[in-house]
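4 protein chains.
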Amino acid sequence: MHTLSLEQAAAIVDAALHKARQTDCAPMTVAVLDAGGHLVAFKREDDSGILRPQIAQAKAWGVLGMGAGGRALAQRASAAPAFFAALTDISQGRIAPVAGGVLIRDSEGRVIGAVGVSGDHPEKDEACAVYGIEGACLRADVG
Amino acid sequence: MHTLSLEQAAAIVDAALHKARQTDCAPMTVAVLDAGGHLVAFKREDDSGILRPQIAQAKAWGVLGMGAGGRALAQRASAAPAFFAALTDISQGRIAPVAGGVLIRDSEGRVIGAVGVSGDHPEKDEACAVYGIEGACLRADVG
Amino acid sequence: MHTLSLEQAAAIVDAALHKARQTDCAPMTVAVLDAGGHLVAFKREDDSGILRPQIAQAKAWGVLGMGAGGRALAQRASAAPAFFAALTDISQGRIAPVAGGVLIRDSEGRVIGAVGVSGDHPEKDEACAVYGIEGACLRADVG
Amino acid sequence: MHTLSLEQAAAIVDAALHKARQTDCAPMTVAVLDAGGHLVAFKREDDSGILRPQIAQAKAWGVLGMGAGGRALAQRASAAPAFFAALTDISQGRIAPVAGGVLIRDSEGRVIGAVGVSGDHPEKDEACAVYGIEGACLRADVG
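Chains as they are written, first to last, in our numbering: chain A, 20 to 162; chain B, 20 to 162; chain C, 20 to 162; chain D, 20 to 162.
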């Protein structure tokens, strides 16, 4: 596992929320996990729903779990629904195959964590995640 | 999160059941949760089935979790079945994407809780939930 | 299973809360289950903690599960801690071996349900449960 | 339930970590939950263990669930071990009866959330939580 610092993770969260406010998103929740899938930094905006913490973390955990971005996972889930139904149980509810989960890569291309954003349409969620990662001078991989 | 009193919650339950009897519904179960998703008041009529407590609570919890009414969630679930299958696990079985879960808003529009009704057709369940909320002088948001 | 009506269950809840206010209890939660262990009526007073719904239901479920009152279960749990530790898992977290769970018997002595009260000291919780059951003209069995 | 804003929650996290660095704590994890027990803001310092997110959240959730601070819960757990063993299952592993979970009260004394800190000795964890809450001009209740 390669290292994502708290300083980087916190910068990603704040940049993602900055983008959310600039683009008039619904109230947003942002979670950043390290490469092991464990939470490093998190913020939920006022009036963002009570399932958003789990969804944001599941978007991030899922992309780490499968090694592909949330948009790619959504496509695979459409093509193989029974497998993805099994995966939700296999993972004990820790994956969400939908856009808004984005892998974080360092300058050498290694996965060092993932971001999950939940609150608005998946495409807008994903744009915030990408903006957050790039704002912290890291590489976003939407898969 | 804003406050729903027990007095208000109990009034919602009783009004919803009054509507159920007026409209010849099957035996009904009504659950009222606060904004954090925790049970405040609950009644299950004689001969209402033993899964109804969980269904009624899941209808209410789901609308709080996602910030949208049960009818809207049912439509989204049809459009994105894999994501909603994942959501049932992500939420540990606490959401039911079907009409009959209704957000409770106060006079300023803030979400202060949710009602879940289960026992008859989803549309009749929803009508009881709305009647209950309005009977307590609060705003029903079917989303 | 013998029958506990919603009318009786609701009367128990209201009488138990009446007793709680008369005896200056901390904010209280009261759950009434039928003989099958399924929720019939429930109220949680303002400012009663968010785990109280589960505790009150577990007090009631546990006495049904073991066929003995909560006070008796507490004594058995002290005498056989390993067995009761196993029981919490066996029951999937549905029992609470502590005073405040009371069996409801009909005039012929048959168990028709149980009450669980949580919020103050176990003895005060139990007094509210007993008062509630007797207020509904049924027999309380503290075990 | 009353409102804790993201702005307040984020200020609590940052102040708690400031205290942790000033007092040479081991790597720390800080979670702030709203009154409903849902995550609002969170940071885990570099090298803080992978179970810390769950522990910090369980410290905070437990004090909300029981309406008493973590230090008080630790004392009760010593006095009633069987009941607290049952509580861990009743709560599905969401409570940690140990110092470091602190209730957040507003100027009128109402519970608006809770902080959980994990990483060093419970007393040092608790001191960071209290410092964080007071740094955000709110009232800490160690219970």
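Think of the hints as simulated: they come from the structure by calculation, not from any bench.
Because the structure is a prediction, the values reported are computed rather than measured.
Honestly, I wouldn't trust all of these hints.
[What the hints assert, rightly or not] On the chain C side, residues computed to face chain B include the following (Cβ under 10 Å): (1) 22; (2) 26; (3) 29; (4) 34; (5) 37; (6) 41; (7) 43; (8) 59; (9) 64; (10) 67.
Idealized CB from N, CA, C, for every residue including glycine.
Taking the hints in turn, this is what the structure says about them:
For residue 22 of chain C, the shortest C-beta to C-beta distance to chain B is roughly 8 Å, which falls under 10 Å, so the interface hint holds. Because the closest C-beta pair between residue 26 of chain C and chain B is about 8 Å apart, less than 10 Å, the hint holds. For residue 29 of chain C, the shortest C-beta to C-beta distance to chain B is roughly 6 Å, which falls under 10 Å, so the interface hint holds. Violation of the interface hint for residue 34 of chain C is found here, the shortest Cβ-Cβ separation to chain B being roughly 14 Å, above the 10 Å cut-off.
Annotation: interface hint on residue 37 of chain C violated; nearest CB of chain B at approximately 13 Å, more than 10 Å. About 17 Å separates the beta-carbon of residue 41 of chain C from the nearest beta-carbon of chain B, more than 10 Å, and the hint is not met. Interface hint status for residue 43 of chain C: violated, as the beta-carbon distance to the closest one in chain B is roughly 17 Å, over 10 Å. At about 5 Å, the closest approach between the beta carbon of residue 59 of chain C and any beta carbon in chain B falls short of 10 Å, and the interface hint on this residue holds.
Given hint, residue 64 of chain C at the interface with chain B, holds; its Cβ is 5 Å from that chain's nearest Cβ, closer than 10 Å. Contact between residue 67 of chain C and chain B, as hinted, is supported at the beta carbon level, the nearest pair being about 9 Å apart and thus within 10 Å.
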